[in-house]
Amino acid sequence: MPTVSMTVNGKSVSAEVEPRTLLVQYLRESLGMTGTHVGCDTSQCGACVVHVNGESLKSCTMLAAQAEGADVTTIEGLANGDELHPMQEAFRENHGLQCGFCTPGMVMSALDLVQKNSDPSEQEVREWLEGNLCRCTGYHNIVKSILAGAQALKG
Amino acid sequence: MYQFNYQKAGSADEAASAVTAAEDGRFLAGGMTLIPTLKQRLAQPSDLVDLAGISDLVGIEDGGDSITIKGMTRHVDVANSDVVQSKIPALASLADNIGDPQVRNRGTIGGSLANNDPAADYPAAVLGLNATVITNTREIAAEDYFDGMFTTVLEEGELITAVRFPVPEKAAYTKFPNPASRYALVGVMVAQTGGDTRVAVTGAGQDGVFRAGDIESALSGNWSADAAKGVKMSDADLNSDIHASAEYRAHLISVMASRAVTAAG
Amino acid sequence: MTGTGIGASVKRVEDQRFLTGNGNYTDDINRPGQSHAWILRSPHAHATLKSVDTSKAEKADGVIAIFTGADMAADEIGGLPCGWQIHNKDGSPMLEPGHPPLAHEKVRYVGDQVAIVIAATRDAARDAAELIEIDYGVLPAVIDMDSALAGGTLVHDDVPNNRCFDWEIGEKDAVDEAFAAADHVVSIDLVNNRLIPNAMEPRAAISDFDRSTSQYTLFTTSQNPHVIRLLMGAFVLQIPEHKLRVVAPDVGGGFGSKIFHYAEEAILTWAAAKVHQPIKWTAERSESFATDAHGRDHESHAELALDKSGKFLGLRVATKANVGAYLSTFGSSVPTYLYATLLAGVYTTPAIYAEVQTVFTNTVPVDAYRGAGRPECTYLLERLVTKAAREVGIDPVELRKMNMIQPDQYPYQTPVALMYDCGDSPATFASALKASDYAGFEKRRAAAEKSGKLRGIGISTYVEACGIAPSAVAGALGARAGLYESAQVRVHPTGSVTVYTGTHNHGQGHETTFAQLVSESFGIPIDQIEISHGDTDQVQFGMGTYGSRSLAVGGPAILNACNKVIDKAKKIAAHIMEADVSDIEFADGKFTVAGTDKEMAFGEISLAAYVPHNYPIEEIEPGLDENAFYDPLNFSFPGGAHICEVEVDPETGDSEIISFTAVDDVGRVVNPMIVEGQVHGGLAQGVGQAMLEGCVYDDNGQLLTGSYMDYTMPRADDLPNFSVATQSVMGASNPLEVKGVGEVGAIGSPPAVVNAILDALAPLGVEDISMPATPLKVWQAIQESSVRQAAE
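Protein chains in written order, with this note's numbering: chain A, 1 to 155; chain B, 156 to 420; chain C, 421 to 1212.
Think of the hints as simulated: they come from the structure by calculation, not from any bench.
Take these hints with a grain of salt, some might be off.
[Unchecked claim] Computed footprint of chain A on chain B, listed as stretches where at least three residues anywhere in the stretch have a Cβ under 8 Å from a Cβ of chain A: (1) 186-199; (2) 257-263; (3) 268-275.
[To be verified] Pairs of lysine to aspartate or glutamate residues, derived as EDC-like cross-links and limited to a Cα-Cα distance of at most 20 Å, are as follows: (4) C:Lys-431 <-> A:Glu-93; (5) B:Lys-384 <-> C:Asp-1074; (6) A:Lys-116 <-> B:Asp-237; (7) A:Lys-11 <-> A:Glu-76; (8) A:Lys-144 <-> C:Asp-1074.
[Claimed, not checked] Chain C stretches covered by chain B per the calculated footprint, using a threshold of three residues with CB under 8 Å from any CB of chain B: (9) 1122-1133; (10) 1189-1203.
Where is the CB? At the ideal position from N, CA and C, for every residue including glycine.
Looking at chain A on its own, in the form it has when it is part of the complex:
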């Protein structure tokens, strides 16, 4: 089996995997990093969103081999010890999560939004979340969290 190497949350990692291994399987099964979730098989739910080379994408729709040499950030890479990243903190503060399953993808997607648009409107946030499904919150508090997170990151 070929070896696939990349940097995940700042650490160099390497594992032998079948070519058909998805990036999300590599993260969850080879590396044991189970913060990134799989909620669908048609690339629509967004529970698996991670950053690859600084941009959000769905790790269920990318082969691990395609991420060879890439710099990957997952939900596990955001907090500084027990201190939450400002976007994570905004979700906590605004009750932006319930069951928590979609949350890692929501947070990672939100971070890509605010790096492209530091002051998004409510409508822009709602449109950006087209690729992230949540069944618990009705999105109300997710949107509120992302708007608050954006402001916090602007400082």
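Fit chains B and C to the known structure of chain A by using the hints.
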């Protein structure tokens, strides 16, 4: 997914030879359709040839009265391109509304056109703007390129290296999305290029993208929203499914065309 | 004061782990030596299994074992049981055909389990499954309820006309008399659309068998692990409770769909003892669509009798409910006792009669989904009342007001079994009208018209019954289990506390809300309190989380256990402080002797309980660890008013919700932040049902909405910011005075949305539309109306 071999190509030629040499090779561009297809076990290629490392296939060139977008250029880069935004804003806006942000960060124009999903957006741009599809072996006029649902005239081992869009006088794309998938239930590109009026429709046709001749005729004499809306499209050869009847799609084509005309100015 | 007691919007304690990727969902768990399963499922809706040949597949790479229905039958494995027995009008019991975990001899829906392939990896198991050769004898499928009731094709040979039962409630004669005396009769035919639950975490399970102890362990995505242990252990696999541990760790949403005992749980547990290694299975989303129990799916005809003034005299309802191919765990109770017992709604209708037929079809089983029966009832009533207002010519607000149960009428005995303990529907209705600026609507309608949009406003006033349930009542109605809840409050020597609850937290925030109860009770901050749930080896017993019961039933169990702790602690304090126990007072975490300055902190007493050097050892045992079981006196009855405003684009049929106002009476609110979040989520699912979501099978039983490509999940840009508020009459049937909030959003909202769309379309002559009111359906309704009007 079934097992397959994964290869990375360094150039378009290398990629083409690799696909041709394989028992059942497929190019892997952004993978936004191919990987989900493989996950569902709906395809079983022997080899995937990844085009991601080929720098020649990425970029947008301003040719004055045309724009050339290389095959592996992502939707997000088309949407954010200054050149595209200033010369063909309809195309930038179309790219900005393909799928979701993660799809746009990964999906490519070449991949989308090679797949020719009947509800994809880019086919409407290519046909509506009368673009030319450039492959490693030839140039194909928009008119000749599409060959029915999920089918194109691309030969085995033929790779889209770029798409050349003439700059229109005015153009706009309006989409009524499928509520579930958010693909186009009906998407209409209207354009005036060099005095020629084109109206291309995606999402609606049984054979994929097509030109709405009746609306083109109506608009040729009278470029107005009302002219477009006044055309009663035939529902023959239109798709009918749980999301939209053929009749509804026919109606939406006129409505979307009229709104596109308004947007194009 | 701790600041973390009842009434505080305490930030959730569970969020830290979810936000950092440290949640522990079933698929995150791996057991040493684990194998992986792929379940081979039927591609046909109805077929005999003429032969199943696994020989080629068994030789495939990595395969450990393959089992079929024949193997389970040979082991005399039982069928999946139904937890609620309903009786027919003639008193005979419902028909309960067998439900084998792995189909044997026949498959009855697309997705029915045919074989389990256990292999070294999931891909290897799936690869091998394709080598299994099955000879299906394809039979005609029966999908719609009318065809099913006509007989012909039978889903189960021993169920004539595919009718599971034919049930009634209420006084038929009294209703007939009311209709005979009526000035107006308004009737309506409604479909309550079939929904697919879609918790974001797909179902998953890991089974294990320890040969040294003969102990089985099942990790599963369940809302009620003890119920799974009971049903699977006692009815399916004959494993006694002490040999079976069921763990439901972090669960990514349930909405009802994870209440039920599913076949995969039994298949994996059984197979683990055969292969002597752990087996893991995780559903693909496609499998979730095809095999998670669906919700709703009713067809009803209803008639309302009114007098000249508009007073409701009688209500007559006939409903057909689809139960799918097999009876799921609570499939029989949803369209009966959770539905028709609420047909009084918030109104004083004196005579009500309902009959319900349940029907087997070649579709996945139908069972409880957020609201379960109550959304179906509310939709029927609120569409019917709105239609009555139009037909009789009375304003819909006034018609509701004049028929509403008044606050001084509680407790209110309805004609359909339930007795509402308390409430004030006129108050929540008045607040919602005000908050939504109902009075100013016509101005907004006129403004919308100028931009080519049709604006409409819709009302829904509702009551629901939750806090499920008083066991004696449920038992008398056919429930095969008690529905109490249990709690254990373990105070540790240094004064921190672990609470074991039999309810299950899968998004509701129990780890915070329940800790607030304990914080309030003991006067200690919530960081000293841990809420533990989900493991049958840790938690003494429990009935789990559904029917908005966790706080209303599980909460008092915790409170009672806390009170037992305090009672015991007072005795310890009295001994140490040399006072009479009747003089010991406890407040803000301190035990004091009345009239003195003597005091001991909570932690000092707990330490004394575990280090009993100076202790009333002759009177009480050491330790500070108490259990309580709580069975409620009555259901609780949340209610409220929902008002929706929409704009419809008449050219495309596209509708947009402009505003949504909900004022709900949920009794005492422990954590306002969490309560609001629960309402938001329920509203989204209600709006989803009303405008977006609908399960479609074709005539052959193939699921046409089997993925997010075709099943419309509400997305962020489909929904507005909701305006929600609570306005409560404190609950009267439990000591916490809570009512339940998990389901109200999904129960009240669908008719508000549809009534708003119909109001918008009324100027075009549209009188009816079915859910989901998609752009296609709205456009078609407009076309049909214009054709009809042209003909007139």
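Pair hint outcome, Lys-384 of chain B versus Asp-1074 of chain C [Cα-Cα no greater than 20 Å] = 17 Å, holds
When I compare C-beta atoms, does the segment 268-275 of chain B have three or more residues closer than 8 Å to chain A? Our answer is that it is violated, as 0 residues pass the Cβ test (under 8 Å) against chain A, missing three.
**Item:** Verdict on chain B covering the segment 1122-1133 of chain C, where coverage means 3 or more residues with a C-beta closer than 8 Å
**Value:** holds (count 8)
Closer than 8 Å Cβ to Cβ for three or more residues is the test here. Does the segment 186-199 of chain B pass it with chain A? Result for this restraint: holds, n = 7.
Q. Taking only the CA atoms, is the gap from Lys-431 of chain C to Glu-93 of chain A under or equal to 20 Å?
A. 7 Å, holds
Are Lys-144 of chain A and Asp-1074 of chain C close enough, with their CA atoms no more than 20 Å apart?
26 Å, violated
- Query: Within 20 Å, alpha carbon to alpha carbon, are Lys-11 of chain A and Glu-76 of chain A?
  - Reply: 12 Å, holds
Review point. For the segment 1189-1203 of chain C, do at least 3 residues have a Cβ located nearer than 8 Å to some Cβ of chain B?
Key: Holds, because 5 residues of the segment 1189-1203 of chain C bring their Cβ atoms closer than 8 Å to Cβ atoms of chain B.
Report holds or violated for chain A covering the segment 257-263 of chain B, Cβ cut-off 8 Å, minimum 3 residues. Coverage by chain A holds for the segment 257-263 of chain B (4 residues, Cβ < 8 Å).
Hey, Lys-116 of chain A versus Asp-237 of chain B, does the alpha-carbon distance stay inside 20 Å? Answer holds: Lys-116 of chain A to Asp-237 of chain B is near 16 Å, not above 20 Å.
The structure shown violates the earlier hints numbered 3, 8.
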